[in-house]
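J.: What follows is each chain in one-letter form.
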Amino acid sequence: MENVDKNLLETISGESEYKGAYNIRKNGKGIERKVTENTNIVTKEDVQGIDIYVKENANYEIVHIPVIITESGIKDVVYNDFHIGKNANVIIIAGCGIHNDHHKDSEHDGIHRFYLEEGARVRYIEKHYGEGNGDGKRILNPVTEVYLKDGASLEMESYQIKGVDSTIRETKGKIGENASFIVTEKLMTHGNQVAKTTFDVELNGDNSKAQVTSRSVATENSSQVFESKIYGNAKCFSHVECDAIIKDNAKVTSIPEITANNIDANLIHEAAIGKIAGDQLIKLMTLGLSEEEAEKQIINGFLK
Amino acid sequence: MLELKNICFTRDNRKILDNINLKLDDDKFISITGPNGSGKSTLAKIIMGIEKPDSGQVIFEGKDITNMKINERAKLGIGFAFQSPVKFKGITVFDIIKLSAGREMTKAEACEVLSSVGLCAREYVDREVDGSLSGGELKRIEIASVVSRNSKFTIFDEPEAGIDLWSFNNLIKVFEKSRNNSKGTILIISHQERILNISDDIILLSGGKVEDFGPKEELFNKVVKESACYKLQGGDN
Numbered sequence: 084m085e086n087v088d089k090n091l092l093e094t095i096s097g098e099s100e101y102k103g104a105y106n107i108r109k110n111g112k113g114i115e116r117k118v119t120e121n122t123n124i125v126t127k128e129d130v131q132g133i134d135i136y137v138k139e140n141a142n143y144e145i146v147h148i149p150v151i152i153t154e155s156g157i158k159d160v161v162y163n164d165f166h167i168g169k170n171a172n173v174i175i176i177a178g179c180g181i182h183n184d185h186h187k188d189s190e191h192d193g194i195h196r197f198y199l200e201e202g203a204r205v206r207y208i209e210k211h212y213g214e215g216n217g218d219g220k221r222i223l224n225p226v227t228e229v230y231l232k233d234g235a236s237l238e239m240e241s242y243q244i245k246g247v248d249s250t251i252r253e254t255k256g257k258i259g260e261n262a263s264f265i266v267t268e269k270l271m272t273h274g275n276q277v278a279k280t281t282f283d284v285e286l287n288g289d290n291s292k293a294q295v296t297s298r299s300v301a302t303e304n305s306s307q308v309f310e311s312k313i314y315g316n317a318k319c320f321s322h323v324e325c326d327a328i329i330k331d332n333a334k335v336t337s338i339p340e341i342t343a344n345n346i347d348a349n350l351i352h353e354a355a356i357g358k359i360a361g362d363q364l365i366k367l368m369t370l371g372l373s374e375e376e377a378e379k380q381i382i383n384g385f386l387k
Numbered sequence: 004m005l006e007l008k009n010i011c012f013t014r015d016n017r018k019i020l021d022n023i024n025l026k027l028d029d030d031k032f033i034s035i036t037g038p039n040g041s042g043k044s045t046l047a048k049i050i051m052g053i054e055k056p057d058s059g060q061v062i063f064e065g066k067d068i069t070n071m072k073i074n075e076r077a078k079l080g081i082g083f084a085f086q087s088p089v090k091f092k093g094i095t096v097f098d099i100i101k102l103s104a105g106r107e108m109t110k111a112e113a114c115e116v117l118s119s120v121g122l123c124a125r126e127y128v129d130r131e132v133d134g135s136l137s138g139g140e141l142k143r144i145e146i147a148s149v150v151s152r153n154s155k156f157t158i159f160d161e162p163e164a165g166i167d168l169w170s171f172n173n174l175i176k177v178f179e180k181s182r183n184n185s186k187g188t189i190l191i192i193s194h195q196e197r198i199l200n201i202s203d204d205i206i207l208l209s210g211g212k213v214e215d216f217g218p219k220e221e222l223f224n225k226v227v228k229e230s231a232c233y234k235l236q237g238g239d240n
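Chains as they are written, first to last, in the numbering used here: chain A, 84 to 387; chain B, 4 to 240.
These are calculated hints, taken from the structure and not from any lab test.
Mixed in with the good hints, there may be bad ones.
Claimed, not checked - Just some of the chain B residues that point at chain A, by a computed CB distance under 8 Å: (1) Met-51; (2) Ile-53; (3) Ile-73; (4) Ala-77; (5) Phe-83; (6) Phe-85; (7) Gly-93; (8) Gly-105.
Said to hold, decoys possible - In silico DSS-like pairs for lysine-lysine, Cα to Cα no more than 25 Å straight-line: (9) A/Lys-330 <-> B/Lys-72; (10) A/Lys-358 <-> B/Lys-90; (11) B/Lys-180 <-> A/Lys-358; (12) A/Lys-257 <-> A/Lys-330; (13) B/Lys-72 <-> B/Lys-18.
Unchecked claim - Over the 12 Å line for every Cβ pair with chain B, so calculated as not near, a few chain A residues: (14) Lys-292; (15) Asn-316; (16) Ala-348; (17) Asn-349.
Beta carbons are placed, not taken as given, at the ideal position from N, Cα and C, and that holds for glycine.
One chain only, chain A, in its complex shape (with noise of 0.2 Å):
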């Protein structure tokens, strides 16, 4: 592997060895896999992709399906399906890294499915980054659908780190019976960057939640779009935050849809935009920082 697969592993990844199963894809190719007693990783015969299988009652298995691109011009879609077992409790590993030095584009879109049997909890993480100081454009497109039956939990973080020109984020779900589903997104752009985010939730069980959190920072003359649609068809409960800050000549879109369609949802949405806050600055300032470094101190907090 060369040093710059390790660094875009390590990067989004955080580790420099996977414990646990794994699949590492680079440019539209499975390149490396590990299958563990309680995790079986399997080749997809009609379409790009694997299926992860994780068995009943597997109790802190770590999953880790990184992709890396680092040819120009790729255009990679993958198929990965997550099938957990009764009882399972999984860490999954997931993320792209993209490294353009020319003028082509580069792009992954990754659709991952996630089907949890009763009572699985899944800590899903993923982190997208670009790199690279060719023209070409560094695009994303991740996929996220979400099946959860009764008493299932997800836990979704989603990390946009930074150097993606061009990403549409697409996460649906439908969360049965006490199962939840928790989404937290952290999201930066810069530059002529573009990024949309949609959410896609239906509430359909007795005692079902979602909390979606989006913490965003838009810099320069990019934009970015966030926009939820929560339906609530049982007793459930939903909480989705969107927060941005917003700089230079950066715009920031938040659309919310909450619909009750039944009388004991109880459905919030709460959106802020703005710039950052005047007195966090003078504050920060009263401590010895400097303006940018405070502006800088109140973004790393903001997306940490």
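Position chain B relative to chain A; hints supplied.
T.: Positioned in the frame of chain A, the structure of chain B alone reads:
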């Protein structure tokens, strides 16, 4: 020593500070008091550089700092505790205490800082400095973090505001300790007799002017009496 020379500040055709002249000695505990709207907070903000005077000079340790930025003044040794603490999403209590101290520190050290204002430190140190904390909690964190800076000149803008009686007793102890231990000057905007009573000097501001400035022994009774009259006349406090 901090000296204010001929400080004037007008906003919306209203003279908020009208030719203020003060010399504040080192290692003193000084209270500023006076009715609402008398210019106390504006004066404090002018010392920190948050507001700029229309005319006049601020001299700190012989240096004219009138045109210095807030952070430059902080580096010279001026500290400021806000009347309404600022909230941050994502920045934790631990982060603020470290930034305030201006150095890396362990969580145990940060917990000591919090304990000094009566906060059960372990419950707070990892929490975000945001709306999930009550006004009183935010206020105590603000005061603890500013005290821990050990600045040469620290300004507290109404530390008692928004604090319950139990916490206030703790707070008095913090200020008594600062008064006894600290080498720096403390300038505290307050209406509280107990704070005025532990001061070395008292400044009485009224209508944007210094009505009186002198040792506590000389001014305490006058200030308390005037404040009582003001309340009787229906003024707010």
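J.: Are there hints from earlier that the structure breaks, and if so, what are their numbers?
T.: 11 and 12
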